[in-house]
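Sequence lines, in order, name chains A and B. Residue 308 in the working numbering is what sits at position 308 of the first sequence, and the numbering runs on without skipping anything. Residue 27 in the working numbering is what sits at position 27 of the second sequence, and the numbering runs on without skipping anything.
Don't take each hint at face value.
To be verified - Far from chain B, some chain A residues (derived; all Cβ distances over 12 Å):
#1 8
#2 175
#3 395
As the list claims (entries may be wrong) - Here are some, though not all, of the chain B residues that point toward chain A, as calculated from beta-carbon distances under 7 Å:
#4 53
#5 83
#6 168
In case anyone wonders, no lab produced these hints; they're calculated from the structure. Keep in mind the model is a prediction, meaning the values are calculated, not measured. Virtual Cβ for every residue (Gly too), placed ideally from N, Cα, C.
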Amino acid sequence: MLKGFGNFLLKELKELVRDPKIFLGMIIVPAIMFPLLGSIMSYSIQSAQEQAQKATLLVLNNDGGNWSEAFIGNLTSYGVRVFVINDTSPEDVIAHNLLAEYNSTQFIEIPPGFSYNLTRHTQGNLNVNASIEFYGVFSGSSMFESIGSTIIDSLVNQYNRALAPDAVYSEKSSIIKGEIAEGVDPSTLSSLMISQAIAMPITIMILLTYSMQIAATSVAMEKEEKTLETVLTLPMDRFSILMGKLSGSIIIAGVGALAYMVGFNYYMGSFTGMIPSGTSLDLASLGLVPSVFGYFLLGISLFVTLLSALALAVIISAFAEDVRGAQSVVGYIYPLIFIPSLALMYLDINTVPLAFRIILYAIPFSQPVIASKAIIMGDYTTATFGIVYVAAFTLVIMYVASRLFATEKILTAKLRFRGLGLRKRGKAPSEEMQ
Amino acid sequence: MTLAVETENVVKLFGNIRALDGLSFTVSPGEIFGLIGPNGAGKTTALRIISTLLLPTSGTVEVFDIDAANNAGEVRKIIAYLPEEAGAYRNLSGREYLEFMAKFSSRDKNKISGMVKDAAEITGLGERLKDRTKTYSKGMKRRLLVARALMTKPKLAVLDEPTSGLDVLHAYHVREIIKRYVKEHGVTVLLSSHNMLEVEHLCDRVALINKGKIVAEGKPQELKEKFGTANLEEVFAKVVGLA
Chain A
1 MLKGFGNFLL KELKELVRDP KIFLGMIIVP AIMFPLLGSI MSYSIQSAQE
51 QAQKATLLVL NNDGGNWSEA FIGNLTSYGV RVFVINDTSP EDVIAHNLLA
101 EYNSTQFIEI PPGFSYNLTR HTQGNLNVNA SIEFYGVFSG SSMFESIGST
151 IIDSLVNQYN RALAPDAVYS EKSSIIKGEI AEGVDPSTLS SLMISQAIAM
201 PITIMILLTY SMQIAATSVA MEKEEKTLET VLTLPMDRFS ILMGKLSGSI
251 IIAGVGALAY MVGFNYYMGS FTGMIPSGTS LDLASLGLVP SVFGYFLLGI
301 SLFVTLLSAL ALAVIISAFA EDVRGAQSVV GYIYPLIFIP SLALMYLDIN
351 TVPLAFRIIL YAIPFSQPVI ASKAIIMGDY TTATFGIVYV AAFTLVIMYV
401 ASRLFATEKI LTAKLRFRGL GLRKRGKAPS EEMQ
Chain B
1 MTLAVETENV VKLFGNIRAL DGLSFTVSPG EIFGLIGPNG AGKTTALRII
51 STLLLPTSGT VEVFDIDAAN NAGEVRKIIA YLPEEAGAYR NLSGREYLEF
101 MAKFSSRDKN KISGMVKDAA EITGLGERLK DRTKTYSKGM KRRLLVARAL
151 MTKPKLAVLD EPTSGLDVLH AYHVREIIKR YVKEHGVTVL LSSHNMLEVE
201 HLCDRVALIN KGKIVAEGKP QELKEKFGTA NLEEVFAKVV GLA
């Protein structure tokens, strides 16, 4: 059974790992690039936050009342470095270059009438409000401006709360799988689930495209390097060649996807500073983490989908004359992977129009993404249906691939590509070789 | 008597192209048999059919009495095929390549290391066998591939243009390897070449092929005497009516 498979697989792995294009491009670069990007982003955010905290705030007090003094006192109590100048308009600040003088890039104006309005508001005239004006110097697209502006919002909110504590507040709860989860904000939960839901389709997309690319390269390389003819005359099962190619591609793509995800997770983790507090929900206690059986189903779904994608890549690349040809031909399948994965990242398949839903279900490469969402909600029927469907598709594709390797077509078949149209060249007999 | 190769009235069509047109010849065990002819004569197609890569459209091919079309798996156990434009895996070292190939012929570690040792000697590449094959010159690669084809001591070695693209010295080295191996291990060699002078010195018997048919067959000396020529090139020219 599968004579020569182990030997052939070992050769495949050596060849793939030692190929600089694959090793660097698919394993090393993603593992280094994303953490590097993450570090840069993390550094930018941190330094912008530090800059904002250290920044001097110029306050134009054009009111001079008690409330404005209280507001400035409140600012300083939160550690903001404040320089107060009286009776100066924003235009004067710019005309006399006061920002540079006070080494600041932002200022607020407390306009005349601030204290008067606030006094009326506290006496019951709730339709009368006091306002302040914030001005920030725009110097490009650095994060400093947005962080500085956010800090002012936060300080104003805190001042409001100190002035008139909230009389009414809302408590939010979610209904999960028919049960009420007290205190779980649906919007927080939803944003957290979306961030979780993005990771799986991205991993699946990368895994599928990487492995298809590797499988196509590997088959085309045998043709390009003129090693295929020799291999086909060796005393080994032809099916072992096919399985060796598929297994080698799966293993290398798996390592590549892992490297990518480790790097990507680090990258995403760099943004934790920007995520609002309150998102540290325990998904497991809410029943929103797949069960062991769910993971098992997802694993099978992913495996059969991978097999079908790889077998498809092998079939297509067998008709290409060289590596470049094979890689571009395989690219024609990518939309079938990208479109459903991207669509299902944000869409609930049950809410899309029927025709679109049928198309999504019909594309075999959608199934692991559909399954990954279904198992979280405990819907094992959908996941199982998907597995059966993809398994049937895989069987057909594997059968075609094994027939291809069993005949002389693997050697003689060629396609010429003209635009998007395919035209077969060099008719060859299709009789089976044993 | 068992023949090493027996082809009978083999026809191979590629669409409208008739690559082989009733090809018939035999090769006896232990001989070096040369299939010679110009480019496009059908040599490679004939060797590919004998090596189980292609199926004949009609006719029969037997290798040591095994039908190459219906029992290809058994034929592959006793042959070694060297394609004309064969390559080696770029990212394997010469030694790794030989080990990889040897493991298909045996699971016995001693036998495998014996084959690799023999092959290493045939190649004459010495320490360079530790280097990846992508660093080899064309001649070095060809010697590695010839050694690969012979190291398993196959009953039949099918060598398509074994000295193709090699300079005089490398070609000489490869021819010497083939001669020595046949003598020492009783391997039958079926080779093709368009270099008729080379084949004349290497082969016990030759068949001249033109437009997919054998046009003359025999020992080089007999053919030269029969057609009254000084070499096989002139024999070929006479047979196809060029001289």
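So, going through the hints one by one against the coordinates:
A beta-carbon of chain B comes within 12 Å of the beta-carbon of residue 8 (chain A); the shortest separation is about 8 Å. At roughly 57 Å from the closest C-beta of chain B, the C-beta of residue 175 (chain A) stays outside 12 Å, upholding its exclusion from the interface. The Cβ of residue 395 (chain A) lies farther than 12 Å from every Cβ of chain B, with a closest approach of about 24 Å, so its non-interface assignment holds. Using the Cβ-Cβ criterion of 7 Å, the hint placing residue 53 (chain B) at the interface with chain A is satisfied: the shortest such distance is roughly 6 Å.
The restraint placing residue 83 (chain B) at the interface with chain A holds, with a minimum CB-CB distance near 4 Å, inside the 7 Å limit. The beta carbon of residue 168 (chain B) comes no nearer than 24 Å to any beta carbon in chain A, farther than 7 Å, and the hint placing it at the interface is violated.
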